[in-house]
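Trainee: For reference, the chains in residue letters:
Protein chains: 2
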Amino acid sequence: MQATTAKRTAKRGSAKKRALVRGEPVVRGILAAALEELASAGYRALRIEDVATRAGVNKTTVYRRWPTKEDLVRAALLSVTDEKIIPPDTGSLRGDLLAFGRAIIEIQTSPVGQSLFHVFLAEGPDSELMAIARSLRAVQEAGVRAIVEGAVARGELAPGADPMLPCELLAAYLKHKMIADRASVEEAQLARVVDVILLGVLHPERRKQG
Amino acid sequence: MQATTAKRTAKRGSAKKRALVRGEPVVRGILAAALEELASAGYRALRIEDVATRAGVNKTTVYRRWPTKEDLVRAALLSVTDEKIIPPDTGSLRGDLLAFGRAIIEIQTSPVGQSLFHVFLAEGPDSELMAIARSLRAVQEAGVRAIVEGAVARGELAPGADPMLPCELLAAYLKHKMIADRASVEEAQLARVVDVILLGVLHPERRKQG
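Protein chains in written order, with my numbering: chain A, 2 to 211; chain B, 2 to 211.
No lab work stands behind these hints, which were simulated from the structure alone.
One or more hints might be untrue.
Unchecked claim - Derived lysine-lysine pairs resembling BS3-like cross-links, with alpha carbons at most 27 Å apart:
1. B:K70 / A:K176
2. A:K178 / B:K178
3. A:K176 / B:K178
4. A:K70 / A:K60
5. B:K176 / A:K178
6. B:K70 / B:K60
Claimed, not checked - Some chain A residues judged to face chain B by a derived CB distance under 8 Å, without partners named:
7. V120
8. P126
9. A162
10. M165
11. P167
12. A192
13. R193
14. L199
15. G201
Predicted model only: the values in this text are computed from it and were never measured.
Beta carbons are placed, not taken as given, at the ideal position from N, Cα and C, and that holds for glycine.
Pulled out of the complex, with its shape left as it was, chain A reads as follows (with noise of 0.2 Å):
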């Protein structure tokens, strides 16, 4: 249980070493700049000089930290996960869900999440962009795993469940409900899909049964 508990200070703490870097004014200036250009130009046209101009910067301070592109919107894609997703530690898994789910929707609503989302769908499945994406997943579970360890920790789990699969239900019926319904997810639902996920929609006197 120590180690648990340690480990996942290790990872919030690694999280928070890359957001002090991210606190210099240049870095968050030049990141905010990039995810501006990706949302608006996509990935393919993105130009690390036009980067440059909407920070403010000379274009050798962008190429400094990050020799190329990908190197660029690696970093850029990363201070949205850093900032949002890793979720505070509320005390128990259904308030740690919420928060994840919240995270995810004010990514998804926000104008520069909008433009993004439209960007990964026209560059495809198959495209750089994707492959950068994907790369980022293992930091991204990182905080995944911040809150199935503190829901193991604490006992919440019930013995034999896979504890991966509460976040990964929440976020693929999130990110669906984006991709079919072109809509967001209101806190009342988001509210009842963790519920569902936590105490499962059978009738209490069935449950014996399964």
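For chain A, the structure is supplied; the task is to place chain B on it using the hints.
Mentor: Relative to the frame of chain A, chain B by itself:
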């Protein structure tokens, strides 16, 4: 309860009626050819002449039934839904959800399903093809409603549960896995997901605190 069952039978009945019409060898051949053409050429490049050639019929035979490309593609996509997605009535929500999930996986892993998946992604969310797919959702939801109404009639759902959520969550998860991991879900994992939806992940002793 009786009204529910009658409605359900009517819905499965109308699917059966469509299935009978489609049962005609010529119709079946043309719809299969249309799916194959769609999977290889995409919607924009699809020509009714090519579908006719592939099906071995005169193009007037196609035009007589489906005056436009849109009509033909709608009928072809509907034939997939009718044949595969409307699940058998297994007598339990668990059985129906497993059958529903297996049907989605079967489509996802079939050669035509794989090609269609890429065609949909390539044509994008604002394409005519996606609009046709969206227009079929009411029909597809009839299958989902049949599962739901069966579960309600058998008293399997917890009071207050959103009856559409079990199927929606399952379908979202399977589609998400296909997009994110480019892989379909194995039978054991399907059962795990169905059981989370039915029973939740929360430890039995924590349920009172929720």
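Trainee: Given a cut of 8 Å on the nearest C-beta pair, is the interface hint for G201 (chain A) held or broken against chain B?
Mentor: 4 Å, holds
Trainee: Has the given pair, K178 (chain A) with K178 (chain B), been kept, meaning a C-alpha gap of at most 27 Å?
Mentor: 15 Å, holds
Trainee: Are A192 (chain A) and chain B close enough, Cβ to Cβ, to be under 8 Å, as the hint says?
Mentor: Violated. Min distance 11 Å.
Trainee: For a C-alpha distance cap of 27 Å, please report whether K70 (chain B) and K60 (chain B) respect it.
Mentor: 12 Å, holds
Trainee: Per the CB criterion, is A162 (chain A) less than 8 Å away from chain B?
Mentor: 5 Å, holds
Trainee: How about L199 (chain A): closest beta carbon in chain B under 8 Å, or not?
Mentor: 5 Å, holds
Trainee: Against chain B, run the beta carbon of M165 (chain A) and see if the smallest gap drops under 8 Å.
Mentor: 10 Å, violated
Trainee: Holds or violated: is the Cβ of R193 (chain A) closer than 8 Å to a Cβ in chain B?
Mentor: 6 Å, holds
Trainee: Quick one, is the V120 (chain A) hint okay against chain B at 8 Å, beta carbons?
Mentor: Hint on V120 (chain A): violated, closest Cβ of chain B at ~11 Å, above 8 Å.
Trainee: Under the criterion that the straight-line Cα-Cα distance not exceed 27 Å, is the pair K176 (chain B), K178 (chain A) satisfied?
Mentor: Since the Cα atoms of K176 (chain B) and K178 (chain A) sit roughly 11 Å apart, the hinted pair holds (cutoff 27 Å).
Trainee: Is the straight-line distance between the alpha-carbon of K176 (chain A) and that of K178 (chain B) 27 Å or less?
Mentor: 11 Å, holds
Trainee: Hint check: K70 (chain B) vs K176 (chain A), CA-CA at most 27 Å. Holds or violated?
Mentor: Cα-Cα ~30 Å, so violated.
The structure fails to meet hints 1, 7, 10 and 12 from the earlier list, while all remaining hints are met.
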